[in-house]
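S.K.: Put together the whole structure using the sequences plus the hints.
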Amino acid sequence: MAAAVVIEHLKKKYGATEAVKDISFHVEKGEIFGLLGPNGAGKSTTIRCLCTLAKPDEGKIEVCGVSVRDRPKEARKYFGYVAQEVALDKMLTGRELLKLQAALYHLPSALARQRIEQLLNLLGLQDYGDQKTGTYSGGLRRRLDLASGLLHQPQLLVLDEPTVGLDIESRFVMWDFLRQLREAGTTVLITSHYLEEIDALADRLAIIDRGLVLAEGSPSQLKDQVGGDRVTLRIREFTPPQEAQQAKQQLQTLPFVEEVIINEAQGHSLNLVVQRDCNPLTQIEQNLQSIGLPTFSLAQSRPSLDDVYLAATGRTLMDAELAAAGTRDIKKEQKQAMKS
Amino acid sequence: MSQSILPNSSNSLAPNPALAEMTTGENELANFVQETLALTQRLFIQLQRRPSTLMAGVIQPLMWLILFGALFYKAPQGLFGFDVNYGQFLAPGIIVFTAFSGALNAGLPVMFDREFGFLNRLLVAPLTTRYSIVAASTLYIIALAFIQTGVIVGASALLGAGLPGIGGLIAIATIVFLIVLGVTALSLGLAFALPGHIELIAVIFVTNLPLLFASTALAPLSFMANWLKWVASFNPLTYAIEPIRYLYFNSDWGLNSVVMTAPWGEMNFAVVLTVLVLFDGVVLALIQPLLRRRFA
Ligand SMILES: Nc1ncnc2c1ncn2[C@@H]1O[C@H](COP(=O)(O)OP(=O)(O)OP(=O)(O)O)[C@@H](O)[C@H]1O
Ligand SMILES: [Mg+2]
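If you read the protein sequences in the order shown, they are chains A and V.
Residue 90 in the numbering used here sits at position 69 of the first sequence; the count goes up by one each step and never skips.
Residue 137 in the numbering used here sits at position 136 of the second sequence; the count goes up by one each step and never skips.
Derived from the structure by calculation, the hints contain no laboratory data.
Every value quoted in this text rests on a predicted model; they were computed, and no experiment measured them.
Backbone N, C-alpha and C define an ideal beta-carbon position, used for all residues, glycine too.
Among the chain V residues that face chain A by a calculated CB cut under 8 Å, a handful are:
no. : residue
1   : Asn17
2   : Phe117
3   : Pro127
Anything over 12 Å on all C-beta distances counts as not near chain A; from chain V, calculated:
no. : residue
4   : Asn209
5   : Val259
6   : Leu279
Only part of the chain V face toward chain A is listed, based on derived beta-carbon distances under 7 Å:
no. : residue
7   : Ala21
8   : Asn32
9   : Arg43
10  : Leu124
M.R.: Shown next, in the form of structure tokens:
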């Protein structure tokens, strides 16, 4: 059985910007696959190439075994696409928009009516179906967009940052819905720059940064690869730097401690990497006592995706976001987008 | 067959590969009709909820008709032809120019769809051909042009310009259709090619009035400087205006009636219609790569 998505050595430039340098990954049927990366990583560009909206410079792309570059018209039947920016026609009602969408996918009208009602109900839109989309809140707009991506019962649903700008509640509703979709057998490809989102949802993921895939696997595989457990230690609520240094030197001598980093941004707390399956907390506390330092808080955890991300890229996702924030020229991109 | 593709209501989130198969291939024409009608319907819903465009599009030509008629009211009798006043002369010009202006603007909604992201919805859908976007806009613009033409023909009749017979009216409709088709396609092509609505509006702005003045809408070829006469004789608007004017002035007409005298010679009805058809064909062929460019 063909994979839901095959992308091999995808490359895409916008002028001098290499939006996608070399991206490869497979999405198996029936899984939720996450593309995780900071702003400007190349997520949307990859998705746009997959969904036939952008022409790749190089590389192989297949949806359900159909080459997107050779047979775009056929490939379009197999996926539903929910874009990063929701674009509805504000003069149409929700029902009218779905009806239009159904016709674009050539659904027979009886089936279209049935699907529209089903999806309005499933997404809690029954009361809004006859209101103009111009009156919808952000959450309603997203839900309607999701419904429109599912009308033709595609094997693959592609969502580009579907929870950006949603409140926590709506985000959970969305997650829950995507899980139901997977249970029903639909493959889901989702991009996000929220670690928790991908961690909570994805069966497998690829971390991408600056147009490259840095890691691919299931969340637990990737976490296992980055090794030991994480320990976060606060000596005081706000630790003086010299005490933090002192503690660091002391703790580095312990045999099970692999690494100690002082996190200045978090009031000089200490982040330790320790061997798996040891019980380090009491020993750490005693060690600190022996050099006269108190313990304000001490916690052990399995590595998170953020640790995976840090190990793969050498920076935390948040740092990457901050670095990217200043560099994008949205005006210029819009211009460029209109050209291509 | 249709039973098997109905979704299992207990699980409406499940994929249904049979649906993709079923909507494939066999019936390309039915699919084309379906997508085109749906896109056309969208435009009419917009019009119905925002009728001001149509109102303006009807009021403006009426004002042209009345104002220009009054402007040349005392022009010497017979200046525009034997036994013809300027109002009568003008009506065909206004009909064609109104239809032309509407068609020239046809690309604007598409451009806004592009800028707004709505067009992506159409581009990721398995449309049989992107010409359905062109076809929908054309149907819509043609319907508007027919409404406007009807109003102008009616108003001109009231103002004393007379009324062509049933055959004449059908001929007028055909000519309006031909000119609108070509210009609409041109405007849609520009909507795909130009970077944004500012540029499209600029193009509309610089072509609209010059094409009017470089046609026979306001004055006959015989009034014009020689160079302009040549320009006007290549202007597609002239090829729409002259036959309609002939229909207004002559109750018996046929395909071989001479309707236009260009600097290089006389042209009859059939020739003029052929030119309009060729114009449409050339434009449709020209915009093909523009539609295709966006990863067809
Ligand atoms: N149309 C465009 N024209 C020019 N440059 C572009 C265009 N689209 C994207 N880029 C550039 O390509 C890179 C990748 O952009 P892309 O939109 O794919 O990132 P992303 O991962 O989706 O980011 P975000 O999380 O902000 O949506 C960025 O550096 C961006 O500036
Ligand atoms: Mg993006």
